[in-house]
Amino acid sequence: MSVDLKSLKANLVVDARGTACPGPLLAAKKAIGDIESGEIMEILSADEGTKNDIPRWCEKVGHEYLGFYDEDSFSRLFLIKE
Amino acid sequence: METSQEITMQELQTQLEALKKKVGKLEKGRKDQLSMAVVSGDFDKILATMVISLAAAAMDTQVKLFFSFWSLSALRDPKKTPKGKDFISKMFGMMLPKGKNQLKLSNMNMAGMGPMMIKMLMKKKNVLSLHEMFNQAAELGIEITICEMSMDLMGFKKEEFIDYPHLRYAGAATFVADAGESAVQLFI
Numbered sequence: 145m146s147v148d149l150k151s152l153k154a155n156l157v158v159d160a161r162g163t164a165c166p167g168p169l170l171a172a173k174k175a176i177g178d179i180e181s182g183e184i185m186e187i188l189s190a191d192e193g194t195k196n197d198i199p200r201w202c203e204k205v206g207h208e209y210l211g212f213y214d215e216d217s218f219s220r221l222f223l224i225k226e
Numbered sequence: 010m011e012t013s014q015e016i017t018m019q020e021l022q023t024q025l026e027a028l029k030k031k032v033g034k035l036e037k038g039r040k041d042q043l044s045m046a047v048v049s050g051d052f053d054k055i056l057a058t059m060v061i062s063l064a065a066a067a068m069d070t071q072v073k074l075f076f077s078f079w080s081l082s083a084l085r086d087p088k089k090t091p092k093g094k095d096f097i098s099k100m101f102g103m104m105l106p107k108g109k110n111q112l113k114l115s116n117m118n119m120a121g122m123g124p125m126m127i128k129m130l131m132k133k134k135n136v137l138s139l140h141e142m143f144n145q146a147a148e149l150g151i152e153i154t155i156c157e158m159s160m161d162l163m164g165f166k167k168e169e170f171i172d173y174p175h176l177r178y179a180g181a182a183t184f185v186a187d188a189g190e191s192a193v194q195l196f197i
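Which chain is which? The protein sequence lines are A and B, in order.
The opening position of the first sequence corresponds to residue 145 in my numbering, with each subsequent residue numbered one higher.
The opening position of the second sequence corresponds to residue 10 in my numbering, with each subsequent residue numbered one higher.
I should point out that these hints are in silico values taken from the structure, not numbers from a laboratory.
Idealized CB from N, CA, C, for every residue including glycine.
It is possible that some hints are incorrect.
[What the hints assert, rightly or not] Think about it this way: if two alpha-carbon atoms lie no more than 27 Å apart in a straight line, the pair counts; the simulated DSS-like pairs of lysine-lysine are: (1) K195/A x K150/A; (2) K167/B x K99/B; (3) K128/B x K173/A; (4) K174/A x K132/B.
[Claimed, not checked] Computed footprint of chain B on chain A, listed as stretches where at least three residues anywhere in the stretch have a Cβ under 8 Å from a Cβ of chain B: (5) 157-170; (6) 192-204.
Work the whole structure out from these sequences, hints included.
See the structure below:
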């Protein structure tokens, strides 16, 4: 599935830029309870490892990982809640 | 014709039951669970333990930590002073780090300079502190079991450990049983 991530409107944006591994994953895990199934979550992370970790997490627990794109000093990662 | 078909249906049913049993056993055999035997009491090793545990718990994996020997120092509460210790226990208690904040590095300890520098770097690079990691672990339901034998051996008392909501005391068999049903087992 190819989605234009830049035009995507997330239902919830989780700003985890102030924390390193495994902080962003913990933040995502906590926040996922706040949205409904089928809604989009966007995670902001300045931690490089998170770009690998979030897709693995999605794969394991069943959320649909949509991808990421880089900003100047951080990345935006997108997923749809299972 | 009809009866023979019925028999095959019955056969299928029994086969299905047998399969279900097997699958059930397999599922029970290896749960989505991480068991760690934590023996080291170095700052870096406790840090690794907590990072891996938190990542696993965030991924909905049940985490069970078995703390034994040197690692028990990390669970001591510096504010607590237990009474009724004998001479050797008191000596051990004095020589060993009192809590996770006093742990040494396994490398580059440099009489305490190393841990100080690491803690500074962790702050600078936004890595959660050990203290925060234990709080998160409590929130995520990570279980910590204290090995009673090593607690006794080193003269520690239950009253000197941290207040952690999922703290238990048990023996090696508990770890073996937990590890046996875990998909991942680690020794640190």
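Starting from K174/A, check that the Cα of K132/B is at most 27 Å away, please. Holds, at about 22 Å.
Claimed coverage, the segment 192-204 of chain A by chain B - three or more beta carbons nearer than 8 Å: holds (count 4)
Can you confirm whether the C-alpha distance between K128/B and K173/A stays at or below 27 Å? 26 Å, holds
Pair hint K167/B and K99/B, alpha-carbon separation not exceeding 27 Å: Holds, because 14 Å separates the two Cα atoms, which is no more than 27 Å.
Do three or more residues from the segment 157-170 of chain A put their C-beta atoms closer than 8 Å to C-beta atoms of chain B? holds (count 8)
Is K195/A close enough to K150/A, meaning Cα to Cα at most 27 Å? 17 Å, holds
Taken one by one, the earlier hints all hold for this structure without exception.
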